[in-house]
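Which chain is which? The protein sequence lines are A and B, in order. Per our numbering, the very first residue in the first sequence carries number 1; after that it's consecutive. Per our numbering, the very first residue in the second sequence carries number 460; after that it's consecutive.
Derived from the structure by calculation, the hints contain no laboratory data. It should be emphasised that the depicted structure is a prediction, and the values quoted were computed from it without experimental measurement. Careful: at least some of the hints might be erroneous.
With a cut-off of at most 25 angstroms between alpha-carbon atoms, the simulated PhoX-like pairs for lysine-lysine come out as follows [as the list claims (entries may be wrong)]:
| hint | chain 1 | residue 1 | chain 2 | residue 2 |
| --- | --- | --- | --- | --- |
| 1 | B | LYS553 | A | LYS350 |
| 2 | B | LYS553 | A | LYS62 |
| 3 | B | LYS794 | A | LYS216 |
| 4 | A | LYS218 | B | LYS845 |
| 5 | B | LYS553 | A | LYS11 |
| 6 | A | LYS397 | B | LYS875 |
| 7 | B | LYS794 | B | LYS813 |
| 8 | B | LYS470 | A | LYS218 |
| 9 | A | LYS11 | B | LYS605 |
| 10 | B | LYS600 | A | LYS11 |
| 11 | A | LYS401 | B | LYS875 |
| 12 | A | LYS62 | A | LYS171 |
Derived list of chain A stretches under chain B, where covered just means 3 residues or more per stretch with a C-beta under 8 angstroms from a C-beta of chain B [unchecked claim]:
| hint | region |
| --- | --- |
| 13 | 41-52 |
| 14 | 174-186 |
| 15 | 192-204 |
| 16 | 313-319 |
Partial list, derived from the structure: chain B residues whose beta carbon lies under 7 angstroms from chain A [to be verified]:
| hint | residue |
| --- | --- |
| 17 | ILE483 |
| 18 | GLY486 |
| 19 | HIS488 |
| 20 | ARG497 |
| 21 | CYS499 |
| 22 | ILE556 |
| 23 | CYS585 |
| 24 | LYS618 |
| 25 | ILE718 |
Every residue gets a Cβ at the ideal spot worked out from N, C-alpha and C, and that includes glycine.
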Amino acid sequence: MLLRHTPTEIKERSALTVNPAKTCQPIGAMYAALGVHGCLPHSHGSQGCYAYHRSALTRHFKEPVVAATSAFTEGASVFGGQANLVQAIDNIFTVYNPEVIAVHTTCLSETIGDDVPQIVAKAKADGKVPEGKYVFHANTPSYVGSHVTGFANMTKAMVEYFAEANGLKSKTINLIPGYVEPADMAEIRRLATVMGITTIMFPDTAKVLNGPLTGKYKMFPEGGVTINELQKCGSSAGTVALGRIASMPAARALDAKCKVPCQILDLPIGLTATDAFVDTLRQTAGVSVPDAINLERGQLVDTISDWHQYLYGKRVAIVGDPDQVLALTRFLVGLDMRPVHIITGSPSGKKYEKSLRDAVARVPDAVNIRVPGDMLLFHQWLKNNPVDLIIGNTYAKYIAKDEDIPLVRYGFPIYDRMGHSYFSTMGYRGALRLMEKILDAILDRKDRDADDITMELVM
Amino acid sequence: MSAIPILEARKAQIHQKGAEPFDITCGKHSLAGSVSQRACVFCGSRVVLYPIADALHLIHGPIGCAAYTWDIRGALSSGPQLHRLSFSTDLREKDVIFGGEKKLAAALDELIDAYRPKAAFVYSTCIVGIIGDDVAAVCRKLAQDKGIPVLPVHSEGFKGTKKDGYKAACDALFRLVGTGSTEGISPLSINILGEFNIGGEAWMIRKYYEEMGIQVVSIMTGDGRVDDVARSHGASLNVVQCSGALTFMADMMKETYGIPYIRASYFGIDDMAKALYDVAAHFSTQPTVMETTRRIVRREVSAIMPELYRLKGDLSGKRAAIYVGGAFKAFSLIKALRYLGMAVVLVGSQTGSKADYATLQEMCNAGTVILDDANPLELSKYIIEKRADLFIGGVKERPIAFKMGIGFCDHNHERKIPLAGFEGMLHFAREVHASVTSPVWQFAPARKLAGHREEEFRA
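Go ahead and model the full structure; you've got the sequences and the hints to work with.
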């Protein structure tokens, strides 16, 4: 019992987080920045931060992850990090030659109070930023929000720094996919492409963090939204932003700055959310839904009807990032399952929590919801009221093992299985995959627990 | 590969044997803007103390530092698993403004009551120093209230390098030394320092020494226990592994308790045997010890040699690149690779000293590249130039090797099997063999073009 130290009795804790279901802003900012083509994320703080972020992203994606650091010293923490950042910008363009540097702050540089725009302006004035190259930034204090906030802030910065309205509206639709896997970004774009829509998607980590083995180490892989596209997104016909927590700030900023109207939807996880996404695309772009997509939808509905008998009434515990947790909860309720313990580690606001409560209104069981909560509380809930299935990241496996409950790995980080960066869980096809994983987990358990008499061949 | 430039200021940290008289710069703070593979002070402290399994490890700061170091090292414990949980004060914006002392005190109070640890380590992260929390005072107060040692670890990330983190950890740990009874400790006794029990290595090493008739009083810190550290001053000799981590401890114990120390490495046949013989020689007043040691070494070596020879047949003539944390490990690896007939063409470390690099350059063949604090571009440049077949490194280096289509061996904390000891040498050889001869490389462009590679990459 690895988690033998988890007490069953739940005591309210006033001052600490045990086994977090979140991490800090900068890693989200780094992940978003990797979705810009030719971009080197830069961590304005101590050397450890970016080493940890790079290691964590590498463990999750099994890909090289590059970033640079201001490598704060004691001197910098007293006198400010200006000299470090100016020198860093100079060194980065000289040696690594990216198209763009995306600077994010850390708890250290925020507490000291470094003014990054002013420092970048100085670097420009000193001629450290070559012609045609860019530096942009987001403030990502680690003591506010979570990694999802960092992602949202960096995505918003892409709009603030680059989007321009040229007066002519194009037919292009902007897609803001949210803090999702490279495979999800590809699937979100594919759906729009199949509908005949031209899109600009940002950020876009497809082919950056799930690239091929080429025999070469490429610091800046193929893939990622280009600066040119980011500039043009201010003239698009509309924006479809997926996930309120991760994508709304950028969508709203683009509306405010360039008058590009935005629709903010749930992540397209499951039938209903994908319907909403497809329908919004259809209306915004003024296209019709092609048969190919109707086929995918029909197959999903067919599958749900085939397997409902094994899903209905099953009790599920979900832990993860806020946009995923909400969309997933709605999907499961739609499958007639019962999400009964729900935690996101990220502070996401009262409105978010209300959406979550509304989503489970139909569930007949008592439902525990905590925003923000941690994995210790999650485990304690499970000990007191067991479930049939856990959905969560790799860290949930200890709980699953100790309590002997099947686990579907979902979210960030996943350190111990493959697939998440290659197979999407978004859209109709993604919903099929998610159902496959859920059914595998539930039915494997059913087979394992069946005795000789009740063992079924056909399910 | 002249297409990849080397930063002017980095040139002094790179040496190619034979090309110029030996001189290398090291121990420098990383250049701002480098994509260094190094980490921070906190990381160094966390690495050293983490394996103490019956202590509480509370990380005082925003959530990230706790989240990124949650159970990522395979430092095994035979008993309590408390070290594998993640405890954080999860500082928020208002704590940064008003100070985090109250929250820290409350967290310690709740945690110590809930988990009843033998001691508590409180790690300061970057902003703790900046916001002016008196962590030491809070620790003193809680130690008094709870009756266990509560030890502050001064590990603010920016206050130096990873090595300074080792020092901070040793300072905290040293406060436990001398607080326990030395009753029942044999004159033939040692402490094993700088061994973290990754993959159970400390257990193997301990077994050898015990078979020699030597009592192992404590292991710092692999499978560590607070009580063992407390009585470690009763041992007659300290055996210190690793270039940096626990040397500070050995120095302090020598000064305060007059305990001499010797250095050891447990990787590879030569060094492992030497580690045993040196201890036997120290206890030469007991001639049976040396006799037993000879018998153990003979037995262990003859047990692994047949298979080593077989593996060597496939590996002879292959080339290896090494990039590790401490240079001491590199010495052992170079020797171990010789047993497999492999030549080292690149060797570097994150924290090596000038003397370390001088030793490395003596050990290597002409043409070998020696690097201090390298970045991925430099590593990939020399790996291609020197036509390495194998890369030995850590988590961030693995995907770089694979992208280039060459084998990889994790010799860092993510290894799953023991590579130390005689048996470990065989594991190491098998792992190297499996990776270098993997059938996947026939599909890697670099291997397909063997012989034309340089031209290919020059293009």
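Results of checking the hints against the structure:
1. Distance check on the hinted pair: LYS553 (chain B) and LYS350 (chain A) sit about 19 angstroms apart at the alpha-carbon level, within 25 angstroms; holds.
2. Our distance criterion of 25 angstroms between C-alpha atoms is broken by LYS553 (chain B) and LYS62 (chain A), whose separation comes to about 37 angstroms.
3. Using a Cα cut-off of 25 angstroms, the hinted pair LYS794 (chain B) and LYS216 (chain A) is violated, with the two alpha carbons roughly 29 angstroms apart.
4. Between LYS218 (chain A) and LYS845 (chain B), the direct Cα distance comes to roughly 18 angstroms. Compliance with the 25 angstroms bound is thereby established for this hinted pair.
5. A distance of roughly 24 angstroms separates the Cα atoms of LYS553 (chain B) and LYS11 (chain A); the hinted pair therefore holds under the 25 angstroms criterion.
6. A distance of roughly 18 angstroms separates the Cα atoms of LYS397 (chain A) and LYS875 (chain B); the hinted pair therefore holds under the 25 angstroms criterion.
7. For a cut-off of 25 angstroms, the pair hint linking LYS794 (chain B) to LYS813 (chain B) stands: about 20 angstroms separates their Cα positions.
8. Simply put, LYS470 (chain B) and LYS218 (chain A) have alpha-carbon atoms about 22 angstroms apart, close enough for the 25 angstroms limit, and the pair holds.
9. Distance restraint check for LYS11 (chain A) and LYS605 (chain B): the Cα-Cα separation of roughly 19 angstroms lies within the 25 angstroms cut-off, and the hinted pair is therefore satisfied.
10. Between LYS600 (chain B) and LYS11 (chain A), the direct Cα distance comes to roughly 23 angstroms. Compliance with the 25 angstroms bound is thereby established for this hinted pair.
11. A C-alpha spacing of about 19 angstroms is found between LYS401 (chain A) and LYS875 (chain B), which places the hinted pair at or below 25 angstroms, so the restraint holds.
12. Restraint check for LYS62 (chain A) and LYS171 (chain A): the C-alpha separation of about 37 angstroms exceeds 25 angstroms, so the hint is violated.
13. Counting residues of the region 41-52 of chain A whose CB falls under 8 angstroms from any CB of chain B gives 8; the rule of at least 3 is met.
14. Here the region 174-186 of chain A counts 0 residues with a CB under 8 angstroms from a CB of chain B, which misses the bar of 3, and the coverage is violated.
15. Counting residues of the region 192-204 of chain A whose C-beta lies closer than 8 angstroms to any C-beta of chain B gives 0; at least three are required, and the coverage claim is violated.
16. Under a criterion of three residues with beta carbons nearer than 8 angstroms to beta carbons of chain B, the stated coverage of the region 313-319 of chain A fails, only 0 such residues being counted.
17. Below 7 angstroms, beta-carbon pairs count as interface contacts, and ILE483 (chain B) has none with chain A, the closest being about 19 angstroms; its hint is therefore violated.
18. Residue-level restraint check for GLY486 (chain B) is violated (minimum Cβ-Cβ distance to chain A is 13 angstroms; threshold 7 angstroms).
19. Hint on HIS488 (chain B) holds. Least Cβ distance to chain A is approximately 6 angstroms, under the 7 angstroms limit.
20. Restraint check, ARG497 (chain B) versus chain A: the minimum CB separation of about 6 angstroms is within 7 angstroms; hint holds.
21. At a threshold of 7 angstroms, the smallest CB-CB gap from CYS499 (chain B) to chain A is about 3 angstroms, leaving the interface hint in force.
22. Interface restraint check for ILE556 (chain B): the shortest CB-CB distance to chain A comes to about 10 angstroms, outside 7 angstroms, so the restraint is violated.
23. Interface hint status for CYS585 (chain B): upheld, as the beta-carbon distance to the closest one in chain A is roughly 4 angstroms, under 7 angstroms.
24. Taken as an interface hint, LYS618 (chain B) checks out: its beta carbon lies about 5 angstroms from the nearest beta carbon of chain A, inside 7 angstroms.
25. Evaluation of the ILE718 (chain B) hint against chain A yields a violated restraint, the C-beta minimum of about 32 angstroms exceeding 7 angstroms.
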